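Novice: Next come the chains, spelled out residue by residue.
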Amino acid sequence: MFSNIDWDIILRSLPYLFFDGMRFTVILTILATAGGIVIGTILALLRLSNIPGLSHVAGFYVNLIRSMPLVLVIFWFFFLVPYIGQWITGSDRPIQVGAFYSALVTFTLFEAAYFCEIMRAGIQSISRGQQQAAQALGMSYPTTMGYIILPQAFRNMVPVLLTQTIILFQDTSLVYVISVTDFLGAASKIAQRDGRLVEMYLFAAVVYFVISLVASHGVRRLQHRIAIIR
Amino acid sequence: MSANGSAMITITDVSKWYGKTQVLNKCTTEIAKGEVVVVCGPSGSGKSTLIKCVNGLEPFDEGNIVVDGISVGDPKTKLPKLRARIGMVFQHFELFPHLSVIRNLSLAQIKVLGRDEKAALANGMRLLDRVGLHEHAAKFPGQLSGGQQQRVAIARALAMDPIAMLFDEPTSALDPEMIKEVLDVMVALAKDGMTMIVVTHEMGFARQVANRVVFMDKGDIVEDAPTAEFFAKPRSERAQTFLSKILAH
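Residue numbers (this note's numbering), protein chains in the order written: chain A, 1 to 230; chain B, 1 to 249.
These aren't lab readings, by the way, just hints derived from the structure by calculation.
Keep in mind that this is a model prediction, so the values were computed, not measured.
Please note that a few of the clues may not be correct.
Away from chain B, derived, C-beta distances all over 10 Å, residues of chain A [what the hints assert, rightly or not]:
no., residue
1, I9
2, S49
3, G90
4, P94
5, S140
6, I148
7, L174
8, T181
9, Y208
10, S212
Facing chain B, from chain A, some residues (calculated, C-beta under 10 Å) [as the list claims (entries may be wrong)]:
no., residue
11, S55
12, G59
13, S127
14, G129
15, G138
Beta carbons: idealized from backbone N, C-alpha and C, even for Gly.
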């Protein structure tokens, strides 16, 4: 198996692996994280609100998504997004969204459920006294959340949020099920085409490992820098 | 009720339940403009709950509270607007730990009162000066001692130009050597004519500046008397027992 290893194949395929594959992986990770945090935070606020209907709807959504395998959700959204698009725009036929946007919508909405739970824990980690102090100063709900509670909740949760992002970075490889080429997909294609499975999959593993390791070290250092002085 | 007559805060027959437990029972009292009222009583007597009802942080089930002509219990009352005019100081300071001291003082001025940044900062610095913490403006709350934090909290409340101040056990979470610096600020405030309701066990403070003392027990206002009268001879047995215990130590 290791008798005729050709490491040169890696060098030759680097541009394709990184400019096509990794570019997609990184863009999808960043956009889905950003969107997921925004929507997740809104979901968390809804869940914690005492508006009966909305808090239940948000809770149901989060629990539903979190109890499904990601692959299944990717399939569902791939088939459903065109119809959701049709419903939103009121068009008379399903909207063709393309695999990238389909994947983006899926990962954003999927991650939102997880970020919701992280932000909910973050908001609940801030003492009730902080909210009372803000209210006592006459601050409205949006001001209290925007300037007092969420900044503190966010800071407390940054390590968990970024850890979730690192998991998402790895999970994006599941887009292969809807025939989108991410980093792993690119490596896989070359591996199949040239029969260089060992080289390509080893290299892919090393790249995922190095990036995740560097990222989690970065998280730890960032954690010290932004910690609130107590 | 007091010399100048006009009631700033009127509390009438206020009752409140947590589930089946009654925490306030037909509490009635009145605080005139410029008056300083100390509320004392054993823990769990409802004193903190009562003053949190005054600015609507705690809802109440029956009765009425009127602050400067505005009914707190009225659903049409804009509570944030009312709260902006009543300063509140908490037992655990509740400074915003992610904001510098001066931002703690300026944020609500800007976001709630609509003051511009420059005016808010200037006013904030003036009040920090007043509580003797001018040089700590750029620090974060976590870098200050408990006593300093509580003085910042008082300055933060004053920055809103309140018509009255509520103090919820402001010295209970402090080390003994820091209590005086906070009480000194409060005494100065009282002497400046601020209307104050102070929940505290500091009887020295009560003697020095309070016009009246309200004694609560198990959700009842048991005694409501001018300070001298209260300390000379409380009418109720419950207040006598409480007083003898608290003065003995």
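Novice: Hint by hint, which ones does the structure fall short of?
Specialist: The structure breaks hints 5, 6, 11 and 12; every other hint is satisfied.
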